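Got chain Y sorted already, so can you dock chain A onto it with the hints?
Respectively, the protein sequence lines represent chains Y and A.
Using this note's numbering, the first residue of the first sequence is number 1, and each one after it goes up by one.
Using this note's numbering, the first residue of the second sequence is number 1, and each one after it goes up by one.
In case anyone wonders, no lab produced these hints; they're calculated from the structure.
The structure displayed is predicted, hence computed values, not measured ones.
Possibly wrong hints are sitting among the right ones.
[As the list claims (entries may be wrong)] Under 10 Å between C-beta atoms, here's a sample of chain A residues computed to sit facing chain Y:
#, residue
1, PRO10
2, LYS29
3, LEU311
4, LEU313
5, GLU341
Idealized CB from N, CA, C, for every residue including glycine.
2 protein chains.
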Amino acid sequence: MRDVEFPEVPRPDEQARRQAVARQESLTKPVGSLGRLEELGVWIAACQGTCPTRPFARPRLVVFAADHGVAANGVSAYPPEVTAQMVTNLLTGGAAANVAAANAGVGVRVADIAVDADTPGPIAGHKVRRGSGVIGREDALTEAEVVAAVQAGRTIADEEVDGGADLLVVGDMGIANTTVAATLAAALTGIEPVAAVGRGSGVDDRGWMRKTTSIRDALRRGRPVAHDPLNLLRVSGGADVAALTGFLAQAAVRRTPVVLDGLLTGVAALLAEDLAPGAARWWVAGHRSAEPAHDAVLRQLGKEPLVDLGLRLGEGTGALAALPLLTLAGRALGEMATYEEAGVSGP
Amino acid sequence: MRDVEFPEVPRPDEQARRQAVARQESLTKPVGSLGRLEELGVWIAACQGTCPTRPFARPRLVVFAADHGVAANGVSAYPPEVTAQMVTNLLTGGAAANVAAANAGVGVRVADIAVDADTPGPIAGHKVRRGSGVIGREDALTEAEVVAAVQAGRTIADEEVDGGADLLVVGDMGIANTTVAATLAAALTGIEPVAAVGRGSGVDDRGWMRKTTSIRDALRRGRPVAHDPLNLLRVSGGADVAALTGFLAQAAVRRTPVVLDGLLTGVAALLAEDLAPGAARWWVAGHRSAEPAHDAVLRQLGKEPLVDLGLRLGEGTGALAALPLLTLAGRALGEMATYEEAGVSGP
Chain Y
1 MRDVEFPEVP RPDEQARRQA VARQESLTKP VGSLGRLEEL GVWIAACQGT
51 CPTRPFARPR LVVFAADHGV AANGVSAYPP EVTAQMVTNL LTGGAAANVA
101 AANAGVGVRV ADIAVDADTP GPIAGHKVRR GSGVIGREDA LTEAEVVAAV
151 QAGRTIADEE VDGGADLLVV GDMGIANTTV AATLAAALTG IEPVAAVGRG
201 SGVDDRGWMR KTTSIRDALR RGRPVAHDPL NLLRVSGGAD VAALTGFLAQ
251 AAVRRTPVVL DGLLTGVAAL LAEDLAPGAA RWWVAGHRSA EPAHDAVLRQ
301 LGKEPLVDLG LRLGEGTGAL AALPLLTLAG RALGEMATYE EAGVSGP
Chain A
1 MRDVEFPEVP RPDEQARRQA VARQESLTKP VGSLGRLEEL GVWIAACQGT
51 CPTRPFARPR LVVFAADHGV AANGVSAYPP EVTAQMVTNL LTGGAAANVA
101 AANAGVGVRV ADIAVDADTP GPIAGHKVRR GSGVIGREDA LTEAEVVAAV
151 QAGRTIADEE VDGGADLLVV GDMGIANTTV AATLAAALTG IEPVAAVGRG
201 SGVDDRGWMR KTTSIRDALR RGRPVAHDPL NLLRVSGGAD VAALTGFLAQ
251 AAVRRTPVVL DGLLTGVAAL LAEDLAPGAA RWWVAGHRSA EPAHDAVLRQ
301 LGKEPLVDLG LRLGEGTGAL AALPLLTLAG RALGEMATYE EAGVSGP
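One chain only, chain Y, in its complex shape (with noise of 0.2 Å):
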């Protein structure tokens, strides 16, 4: 699949980054005393290239929606209309994303990559196809879908940083869209069904038996090609993570920041520094979810995640639950006196 090749990924910049260091010392704190929050407005103002740093003019969550043929397994606690029905209610703001990002500041896009259901226009100008292959037992999408998947993902990165977007979340949902996740979490971090699998959407015990054996079944067929991030989104995956894996390449290339949700983005997290390496210097972790699979694709990743709050959502919400921190550790860069400005008496 020689059509997906994405060019050098730049790096943050450095004299940004080293001045965001000299200046958290001059600021009216002792040194260290914001912990975590010192080190993540260092690393927006190395993004931006800019010190002091910018409050984030434009922050904008992309939903990824699609339907997975492994639904039909019954692996979730929903069926598999509800990915339909979950699009109108996020286009009309009933949804829990909604509600985090209103919270937040962030604005809201919708992108129905593979529902099995007609979406209005101007959500499905990137859509890849309706649902997926049933992974235990047949590849996901084609090889040509793997490339429109990844493609549609790039075109929305642009589409949003030409918009002005200068920080993105991402998110994601679906029916059945943890299995597809925790198989490729397992491929690509090698831990074992049983200890990939969660209860997604809250699935009952009979239910995570057919998760569990769904999953067993998928990753017989994916662990070959594990190796390989395109064939193993066609073998095992889905338009949805194929899409995310475009976009997070891309937002990278685009020198845009990017906050990442939970088990799903974090897989389309790994294939993307795969496929685009460097690529991760542009993420951070927003929350570690309480999907199991969750923390090895963390720890594979290198990230330790802002907030962990047993969140299990989707949607992109416990990223939004952690982007104000992220705009507080800017702003405290950016807008804080200095020792100097404030005639304190330093150390």
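Only chain A this time, still in chain Y's reference frame:
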């Protein structure tokens, strides 16, 4: 000290709590998928006595500023005059707390309880004294000063609630105040000085030894009265801790939820719960501080903090960093669509 008596503390509203638990199950998300945020939403409903929850209309930070005699022992990286300088910085908007408060939509009040300098009239109205005794060899306060400081905190809480505050955030600022707080934490939780001592504002190794010695000496005088909150405040405390104790107890009496900050506010919380049993039901722990004694305090309070980012700045910054999680929890419960409203199929 019979002058300090609190009326019985009311419980958060049980009917609203039950309605909130039921409402969580009706919202368009898998039950429990917002994790800790769902519990927080329920707590907010119970505190407000209404479900759905209302947005917080007037959240307010009160920073209790004071000097401490023990600063003369060289326990801080900063000279004592920094307390008064930082009061000015807080009043002119350059401190970390100002930025964190703006980021969270919170109004800021500074209360000079015992700053060893003249401060502007409006913030000095509840001043009890200048500084405090050197707690390793003399009492921190007189009996009358303890009563006056607790009463000052009560009055400030009343003023804030009467002024419309519906969520309170507490902070502290003052050179050497972590030496006092670590002493009180050791007295109240039974941990040893060497386990309680932290770097505070970033004291060096020699200062750390002086700080540990100061805590050990102070603890020798404080431990015999550790079971008696007001006498402990008199012997080993300070007017800021005493005022915070009164403030936290009175906030609960006035049915107003509070977000706790780090070590010093946590110690005041332990004392306030002793003076006004049940008050702790009205508080949430904002963060886990990098100060080592804070963890023991949180465990004794039975509070799991919302964020854990290595902060050790004080001023309420840890509580303010966590505040958007609280507003999100309340808004999710209040603003998300139900399955019925959104036409989404349930599990």
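We went through each hint and held it up to the structure:
{"no.": "1", "hint": "PRO10", "in the structure": "28 Å, violated"}
{"no.": "2", "hint": "LYS29", "in the structure": "5 Å, holds"}
{"no.": "3", "hint": "LEU311", "in the structure": "5 Å, holds"}
{"no.": "4", "hint": "LEU313", "in the structure": "4 Å, holds"}
{"no.": "5", "hint": "GLU341", "in the structure": "7 Å, holds"}
Going through the hint list in order, the structure does not satisfy hint 1, though it satisfies all others.
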